[in-house]
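Could you slot chain E onto chain U? The hints should help.
Listed below are the residues making up each chain.
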Amino acid sequence: MEQVFFFYFAIVIAAAAVLVVAVRNPIYSALSLLIMFFHVAGLYVTLHAEFLAAVQIIVYAGAILVLYLFVVMLLNLRRDDRYHRQWPMAAAVGVTLVIEAIVLTAMKGWTAPVVAAGTETTVGGAGNAEAIGDVLYTTYLFPFEVASVILLVAMIGAIILAKKDVGGNAPQL
Amino acid sequence: MTIPLSYYLVLSGIVFLTGVVGVLLRRNIIIILLSIELMLNATNINFVAFSQYFHDIAGQVFVFFTLTVAAAEVAVGLAIIIALYRAKSTINIDELQLLKW
Numbered sequence: 001m002e003q004v005f006f007f008y009f010a011i012v013i014a015a016a017a018v019l020v021v022a023v024r025n026p027i028y029s030a031l032s033l034l035i036m037f038f039h040v041a042g043l044y045v046t047l048h049a050e051f052l053a054a055v056q057i058i059v060y061a062g063a064i065l066v067l068y069l070f071v072v073m074l075l076n077l078r079r080d081d082r083y084h085r086q087w088p089m090a091a092a093v094g095v096t097l098v099i100e101a102i103v104l105t106a107m108k109g110w111t112a113p114v115v116a117a118g119t120e121t122t123v124g125g126a127g128n129a130e131a132i133g134d135v136l137y138t139t140y141l142f143p144f145e146v147a148s149v150i151l152l153v154a155m156i157g158a159i160i161l162a163k164k165d166v167g168g169n170a171p172q173l
Numbered sequence: 001m002t003i004p005l006s007y008y009l010v011l012s013g014i015v016f017l018t019g020v021v022g023v024l025l026r027r028n029i030i031i032i033l034l035s036i037e038l039m040l041n042a043t044n045i046n047f048v049a050f051s052q053y054f055h056d057i058a059g060q061v062f063v064f065f066t067l068t069v070a071a072a073e074v075a076v077g078l079a080i081i082i083a084l085y086r087a088k089s090t091i092n093i094d095e096l097q098l099l100k101w
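Protein chains in written order, with our numbering: chain U, 1 to 173; chain E, 1 to 101.
Okay, chain U solo, but in the shape it has when bound (with noise of 0.2 Å):
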């Protein structure tokens, strides 16, 4: 049972990313990314990491989406958008990265990671939350308010640069 939910999310996990990639309007790129959050998220339902895929369907498809729709659509771009003429170059790394995967996974001998001590155990079901909460506002306090120190940057920086009249000699939309 839980072999058919991975290989379900999976399978639409893998073909969505390439939709994004493959198809040529934007929007049905944003849209199969959409469903691409929608299938990672309940792979973390899979992973017992119900609180992350609960914040992946708020953030990342809720705002992050949306903030693409919206740009997508007031651009309102029409012109046809073909490929990149520098195929030789996304050949090469593609098929470097295949191959270092395909060699890594079929070597021979190599051991699974021992599974460390860890102090936290991961909580599933109701408690995730809670545990997440626990070490994020202890252990990681900093990091987290580091974090916040970027949200702000992020947003100071994107009103300045997103502003009309930058400098007042910005030619107009």
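Where hints are given, some of them may not hold.
As the list claims (entries may be wrong) - In silico DSS-like cross-links for lysine-lysine, where the CA-CA straight-line distance does not exceed 25 Å:
1. E/Lys-88 x U/Lys-163
2. U/Lys-164 x E/Lys-88
3. E/Lys-100 x E/Lys-88
Hints were generated in silico from the structure; no laboratory data involved.
Chain E only, in chain U's frame:
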């Protein structure tokens, strides 16, 4: 029946590879940003899978930080795209070659 860790790593590798190819292959800047989101999601899958495998919840905490960076990247990136479109009336990266030597 439990799923081996390597299955999650292979899935994450596929998604990440798709993102890399998308960044290299597409000309629309918005699609390039979407491909970067694909790569960030691939790392998130890795983090959560390892967190479950090692029984350490720190992996799930780091997904939060990835998410924060992704949100900041989207906000700044889309603002840059809007400013660029105002200045150049295009978001095709072949026509944006001001810095090309």
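For each hint, the structure was consulted:
no., hint, in the structure
1, E/Lys-88 x U/Lys-163, "16 Å, holds"
2, U/Lys-164 x E/Lys-88, "14 Å, holds"
3, E/Lys-100 x E/Lys-88, "15 Å, holds"
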